[in-house]
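> Letter by letter, the chains look like this.
4 protein chains.
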Amino acid sequence: MTSSLSARVARFKQDQVLDAAIAVFARKGFHAASMRDVAAAAGVAPGSIYNHFENKAALLLGIVDRMSARAAEATSLPPADANLRDLLITAIRTPLAAMTGETTELFRVILAEILVNRDLAEQFRRRVLNPMLSACGDVLASHLPQASRDTWLRVVSAIVLGLILQRLIDGDAALPLPEDLADALLAGLQGAAP
Amino acid sequence: MTSSLSARVARFKQDQVLDAAIAVFARKGFHAASMRDVAAAAGVAPGSIYNHFENKAALLLGIVDRMSARAAEATSLPPADANLRDLLITAIRTPLAAMTGETTELFRVILAEILVNRDLAEQFRRRVLNPMLSACGDVLASHLPQASRDTWLRVVSAIVLGLILQRLIDGDAALPLPEDLADALLAGLQGAAP
Amino acid sequence: MTSSLSARVARFKQDQVLDAAIAVFARKGFHAASMRDVAAAAGVAPGSIYNHFENKAALLLGIVDRMSARAAEATSLPPADANLRDLLITAIRTPLAAMTGETTELFRVILAEILVNRDLAEQFRRRVLNPMLSACGDVLASHLPQASRDTWLRVVSAIVLGLILQRLIDGDAALPLPEDLADALLAGLQGAAP
Amino acid sequence: MTSSLSARVARFKQDQVLDAAIAVFARKGFHAASMRDVAAAAGVAPGSIYNHFENKAALLLGIVDRMSARAAEATSLPPADANLRDLLITAIRTPLAAMTGETTELFRVILAEILVNRDLAEQFRRRVLNPMLSACGDVLASHLPQASRDTWLRVVSAIVLGLILQRLIDGDAALPLPEDLADALLAGLQGAAP
DNA sequence: TATGAATGAGGGTTCATTCAT
DNA sequence: GATGAATGAACCCTCATTCAT
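Residue numbers (the working numbering), protein chains in the order written: chain A, 8 to 201; chain B, 8 to 201; chain C, 8 to 201; chain D, 8 to 201.
Be aware that a few hints might be false.
Since the list gives no way to pick out one identical chain from another, each pair is judged satisfied if it fits inside one copy or across any two copies.
[Claimed, not checked] DMTMM-like cross-link-like pairs, simulated, lysine to aspartate or glutamate; straight-line CA separation at most 25 Å:
| id | residue 1 | residue 2 |
| --- | --- | --- |
| 1 | K20 | D187 |
| 2 | K63 | E186 |
| 3 | K63 | D177 |
| 4 | K63 | E109 |
| 5 | K20 | E109 |
| 6 | K63 | D190 |
| 7 | K35 | E129 |
Bear in mind the hints are in silico, worked out from the structure with no lab data behind them.
Using the sequences and the accompanying hints, generate a full structural model.
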């Protein structure tokens with residue numbers, strides 16, 4: 008099919024531009040990066056980007072789209088018959104482990120823009136955040152009674168988000184071990200108090 | 008004292024500009040707001056801002072400065088002989104309660120910029136984040152053994168930050184009750200599992 | 008050749024801008040002229056200038072470049088088997104004759120900037136001044152012994168520069184005739200003294 | 008006399024500001040130096056300068072005024088019964104010798120502005136240039152017949168101006184010895200040619 | 001579809017000058 | 001006279017976007 012071929016080519020170019028945008032945004036930030044920068048990194052002319060993306064903001068939406076695919080892969084590994092502790096450790100470690108190198112910087116930039124860009128926030132919620140929360144909730148569902156499930160989902164997701172945010176704000180701060188966090192959460196504060 | 012008077016006036020004008028900057032940044036965001044916007048909101052000429060702040064970024068530093076003062080007030084309330092549950096509830100509720108109206112929007116903007124502006128992040132850590140964490144840690148110190156204190160401080164601070172971040176990303180999401188969170192954390196996941 | 012065509016067009020636009028810059032600078036001076044002025048005179052948008060010249064100072068460098076081309080043409084006429092007097096007259100008259108109308112005003116502006124702009128001075132020396140001195144020195148070489156050649160080159164070049172400067176400072180002052188200057192220099196002061 | 012005292016004080020302050028202006032202009036150039044810079048160097052408030060000088064350009068006029076005084080001193084040394092060669096050497100050496108350190112830089116800046124500022128040029132001609140030329144002409148008058156006097160005055164003054172200009176354009180170029188120049192001019196080119 | 005020169009609004013900032021104190 | 005904060009026009013330059021080729 009000719010249309011399929013041209014569509015494939017178009018998709019390829021689009022990916023090329025998106026790769027460049029990711030690299031450039033991660034390195035310089037969204038506002039500091041110019042469309043010229045992205046075009047240069049992608050090896051295309053500035054005007055060509057507009058054949059694939061409506062405007063600069065659309066590049067961010069495209070990046071979030073791609074993040075959603077990656078997130079789906081990462082989350083799609085349900086450890087079958089794991090116990091609660093292992094599930095917890097996995098739920099905490101997986102997102103934190105993803106935060107390395109360029110990914111960290113990209114997420115930093117995306118998050119900064121999400122906070123200030125309504126459309127992007129919406130997209131991020133729909134494509135990345137909610138799916139991850141759903142998956143997480145499903146896993147918890149088999150281990151917790153309905154009553155406490157929602158609360159603990161909020162707790163765990165907040166912890167993960169909070170740790171990532173701390174990491175982004177203070178790159179030097181050491182992250183706690185997922186095992187320690189899991190054990191503490193399992194035992195509860197009462198178990199810790201003398 | 009003459010010097011005190013002129014200093015007082017200078018401080019007043021500075022505050023006037025800062026108020027305007029806060030309002031404008033909260034409404035339009037940092038990058039979308041121009042110095043002209045701030046000047047207009049402050050009722051001064053564009054050039055006059057530079058009599059009080061070195062440049063646009065310095066306005067953000069000034070805002071963080073002010074936030075640190077507010078944070079100090081809010082944190083300075085140690086509930087004396089409170090039990091662990093009450094402390095926990097207070098530690099969670101206080102920062103969340105502060106997130107209302109313009110404060111939310113301002114924090115949104117500041118946070119977005121912190122993620123991307125090294126100087127501002129440093130200032131924020133030194134003036135706002137670390138003091139709050141220290142105060143929180145001090146309170147926990149009298150209730151937890153050394154061993155688990157650090158972990159629980161990380162847990163609690165991460166939860167608070169994470170909840171705030173969720174709120175900023177999804178303004179419609181209902182926040183969980185501090186009481187529920189506290190009870191869950193006290194009992195631990197083991198207590199929740201059937 | 009396609010590349011040749013687009014290069015030709017680019018060169019043409021560049022010249023167009025440079026023409027405008029020359030006219031505007033000559034009329035208003037370098038500092039008093041704004042990029043908007045130049046753009047308006049060139050019939051392009053202000054931002055377009057930056058497609059051809061890196062910044063305002065680069066316009067001056069471009070002007071000096073062009074002066075160097077003109078200077079080369081003017082200097083390239085060695086009167087073959089001329090005698091010393093004719094050479095002298097030519098060496099004095101040629102640069103002075105070039106100082107008419109807009110050229111005068113342009114040179115006034117360029118010189119004013121050269122005095123204060125290191126890069127421009129370097130460029131002017133390399134592209135305009137030294138080539139002219141070299142050419143002048145070569146001509147003298149065949150008429151003077153090594154010993155006095157350098158001194159007389161300095162004398163003649165200083166006289167020309169000095170006369171031009173006097174002209175620029177006092178536009179009304181009449182220039183002496185090259186013939187009179189040449190005769191005086193040939194005869195020497197001793198010949199003039201009673 | 009009270010008026011005399013206050014006038015003295017006023018004159019003193021004015022000198023103070025002028026000293027500062029000279030230092031600052033010589034270091035940074037006229038356009039690059041701000042009134043704030045001058046005020047700071049003078050130890051006064053920016054607004055105070057306007058009590059003594061009408062505007063920034065008037066500072067330049069003041070500087071030229073002062074130069075005229077200095078020039079008068081330097082020129083006022085008539086070598087009594089000197090011979091023509093000594094006169095020539097003195098006429099050449101004196102202005103060149105004045106070009107050292109800060110004076111050079113100041114003259115560079117003043118000259119750059121003279122080229123572009125009609126009022127300043129007029130002032131410079133009336134107060135500095137013409138008096139020096141007159142003095143020089145008077146000296147030559149006793150050694151040269153009317154006929155050649157004007158031509159030689161132009162020659163000598165142009166040489167001096169030209170040498171200074173060359174020096175300003177190329178700070179590294181060595182100046183020729185006044186003695187060599189004088190001897191060459193005395194003997195004439197015919198004397199030099201083989 | 002790809003190009004890249006052209007656009008022009010808008011950015012942050014400077015600074016000579018004024019004037020109320 | 002001295003002050004220095006306030007002024008606001010004007011500066012150079014950037015850059016997302018367009019469109020003729």
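> Where does the structure disagree with the numbered hints, that is, which hint numbers, in rising order?
1, 2 and 6
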